[in-house]
Amino acid sequence: MSDELSLRDLRLQKLARMRELGFDPFAVERFESTGSANDLLADFDAKQGQAVAFAGRVVSHRLMGKAGFAHLSDGDGKIQGYFKKDDLGEAAWEVYQLLDIGDHVGVQGELFRTKTGEPSIHVRTLVPLSKALHTIPLGKEKEGQQWYGLTDTEQRYRHRNLDLICNPEAREMLIRRAQITREVRNYLDARGYLEVETPILQIVAGGAAARPFTTHYNAYDMDVKLRISLELYLKRLICGDIPKVYEIGRVFRNEGVSNRHNPEFTLLEFYEAYTDLEGMMEVVEGMFRHVAQAVFGTTQLAMRDGFVLDFSSPWRRVDLLDEIERLAGVTRADLATLESAHKALGDKVIVNTATGKRIVPEEEHNLGGLIEKLLEVFVEPTLIQPTFVVGYPIETSPLAKKDPNRPGITRRFEGYILGKEICNAFSEINDPIDQRERFEQQLGARAKGDDEAHPMDEEFIYALECGMPPTGGCGIGIDRMAMFLTGAEVLREVIFFPTMKPESREDD
RNA sequence: GAGCCGGUAGCUCAGCGGUAGAGCAACGCCCUUUUAAGGCGUGGGUCCUGGGUUCGAAUCCCAGCCGGCUCACCA
3 MSDELSLRDL RLQKLARMRE LGFDPFAVER FESTGSANDL LADFDAKQGQ AVAFAGRVVS
63 HRLMGKAGFA HLSDGDGKIQ GYFKKDDLGE AAWEVYQLLD IGDHVGVQGE LFRTKTGEPS
123 IHVRTLVPLS KALHTIPLGK EKEGQQWYGL TDTEQRYRHR NLDLICNPEA REMLIRRAQI
183 TREVRNYLDA RGYLEVETPI LQIVAGGAAA RPFTTHYNAY DMDVKLRISL ELYLKRLICG
243 DIPKVYEIGR VFRNEGVSNR HNPEFTLLEF YEAYTDLEGM MEVVEGMFRH VAQAVFGTTQ
303 LAMRDGFVLD FSSPWRRVDL LDEIERLAGV TRADLATLES AHKALGDKVI VNTATGKRIV
363 PEEEHNLGGL IEKLLEVFVE PTLIQPTFVV GYPIETSPLA KKDPNRPGIT RRFEGYILGK
423 EICNAFSEIN DPIDQRERFE QQLGARAKGD DEAHPMDEEF IYALECGMPP TGGCGIGIDR
483 MAMFLTGAEV LREVIFFPTM KPESREDD
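Numbering of the first sequence is given in our numbering, commencing with residue 3 and proceeding in unit increments.
Since the hints were derived computationally from the structure, they do not count as laboratory data. Idealized CB from N, CA, C, for every residue including glycine. Careful, some of the hints might be misleading.
Each computed SDA-like pair below joins lysine to any residue, with the alpha-carbon atoms no more than 20 Å apart [to be verified]:
| id | residue 1 | residue 2 |
| --- | --- | --- |
| 1 | Lys117 | Ala48 |
| 2 | Lys359 | Asp349 |
| 3 | Lys80 | Thr36 |
| 4 | Lys404 | Glu442 |
| 5 | Lys142 | Val61 |
| 6 | Lys375 | Glu423 |
| 7 | Lys49 | Gly79 |
| 8 | Lys375 | Thr333 |
| 9 | Lys422 | Ile386 |
| 10 | Lys404 | Ala210 |
| 11 | Lys422 | Asn261 |
| 12 | Lys246 | Ala275 |
| 13 | Lys345 | Glu366 |
| 14 | Lys404 | Ala455 |
| 15 | Lys350 | Thr339 |
| 16 | Lys86 | Val54 |
| 17 | Lys16 | Lys87 |
| 18 | Lys86 | Gln99 |
| 19 | Lys16 | Gly108 |
| 20 | Lys246 | His292 |
| 21 | Lys359 | Pro383 |
| 22 | Lys68 | Lys86 |
| 23 | Lys227 | Arg448 |
| 24 | Lys345 | Glu327 |
The following label-pair restraints were derived from C-beta to C-beta distances [unchecked claim]:
| id | residue 1 | residue 2 | range |
| --- | --- | --- | --- |
| 25 | Ile386 | Leu445 | 35 to 43 Å |
| 26 | Glu199 | Glu92 | 54 to 62 Å |
| 27 | Ala304 | Cys468 | 44 to 52 Å |
| 28 | Arg306 | Asn163 | 21 to 29 Å |
| 29 | Arg193 | Val492 | 26 to 34 Å |
Produce the complete structure using the sequences and hints provided.
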């Protein structure tokens, strides 16, 4: 028998004793507080003597003979209760003694200050509202400094409820993320975009270069895929003359996890008819400015080490091939064809000495991929303040309009913050003939073994053939957006339940 | 997928060849305004799993599982 089991048994015994005393925590359905802990504490001296009710979780418990204290937390704030045997009566006093850190209770009493001046509730009535059967690893704290607590990253992610109870930063992150998505919606709604929902189960999972998850639909006895993007269905709505649409939804990519990747993540995509990639840039700039201002009260966000992430002005705009020439020394002429590029780069591994990132030119078998690799290794690390990189190669952009003035280049940009991609946008292809050719090129790549190449989607082509206006579209990873704006170091801090392998449990 | 680091009490950690420790939490007693409450006492561990080396393994070796970091791939 493990120790945890005996601690749990002990708490079950306390629960049973509470029930014997006529206080069944789990029988209570409702308890109304006069206000939040912070409400009660505000302008406290004016309210001394006032009768109040308050419910919260027990986060400290100090028994001293025939009286005692406990701090009750509502998550946002906490207030101390003073419990005295004479005031509570025998049964409720025993209930107080049976309380553990982690239990929920409701109290009624008057506001007063203790001898040491702490605003407290002089409790007359105690109502247990839940019993915690496990130890809550809440550290003790003094003057804002915390001792112990839950710090093991694995446990924090596996038991996020404990993380939220024990670590105020985790709670802060959750709230900030919610505020960020709310303000994204507010911004787009105010601009006349319609929020929609499109299928997650799809026959053809397209709109991005990624491997999908596959599952089985019993009723039709067919395999279906989980979506990897929102793009194609949203554009079918544009084809239905819904001129401004967006969706914030979960997409799934069958790939590894890292500091900046999770196999399921939240994607925002928005599409607007009769505009182009420049129009999308303005929307993106405005969105970040609005969200930063609304959530953080400033468009100049202080990051660690005194760095300020600045959304107050238009984002820097650079051309992809210009930047590669400037930072990697590879010219546009070099990048005219795959052969000329290989000739220019040679067969040696090229290392960016500043970052340690490297390219193996001979491993890149198409020009677009090679160009994007050069971007990643030499350009990305320089894109710290918000920057739009314009002009992506056609091979890796099967849904973006061709640039009429630049063969091989599309009307596409990506936005970067802190050296990482944050959005991807373009003037959408609305020529069904062009779109079919692009898909066919992708099928060619797929035949050569590229299992992330885009599949053919006849339904989508059919919608284009019925007519789609010129359209600008953009995708933004909401998790990354939350990460950048909050200054979180890893994506899993803003994904509350990151994908993890199961932990084998012996006590099942 | 590769490399490096880690997994010891409920939590945070120490121990790194001689048979398991601390603080907090827990349990008992004392204490009717404390606040990292205090005092006295007590219990609690397949040292991630499975092999191996050794008289002896938490400790050394091998394999595996889970996690973290870096890299690869992608948003």
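Here's how the hints hold up against the structure:
no.	hint	result
1	Lys117 to Ala48	holds (18 Å)
2	Lys359 to Asp349	holds (16 Å)
3	Lys80 to Thr36	holds (14 Å)
4	Lys404 to Glu442	holds (16 Å)
5	Lys142 to Val61	holds (9 Å)
6	Lys375 to Glu423	holds (13 Å)
7	Lys49 to Gly79	holds (18 Å)
8	Lys375 to Thr333	holds (15 Å)
9	Lys422 to Ile386	holds (8 Å)
10	Lys404 to Ala210	holds (17 Å)
11	Lys422 to Asn261	holds (12 Å)
12	Lys246 to Ala275	holds (6 Å)
13	Lys345 to Glu366	holds (13 Å)
14	Lys404 to Ala455	holds (18 Å)
15	Lys350 to Thr339	holds (19 Å)
16	Lys86 to Val54	holds (17 Å)
17	Lys16 to Lys87	holds (19 Å)
18	Lys86 to Gln99	holds (11 Å)
19	Lys16 to Gly108	holds (18 Å)
20	Lys246 to His292	holds (19 Å)
21	Lys359 to Pro383	holds (10 Å)
22	Lys68 to Lys86	holds (6 Å)
23	Lys227 to Arg448	holds (17 Å)
24	Lys345 to Glu327	holds (16 Å)
25	Ile386 to Leu445: 35 to 43 Å	holds (38 Å)
26	Glu199 to Glu92: 54 to 62 Å	holds (57 Å)
27	Ala304 to Cys468: 44 to 52 Å	holds (50 Å)
28	Arg306 to Asn163: 21 to 29 Å	holds (28 Å)
29	Arg193 to Val492: 26 to 34 Å	holds (32 Å)
When each numbered hint is compared with the structure, no violation occurs for any of them.
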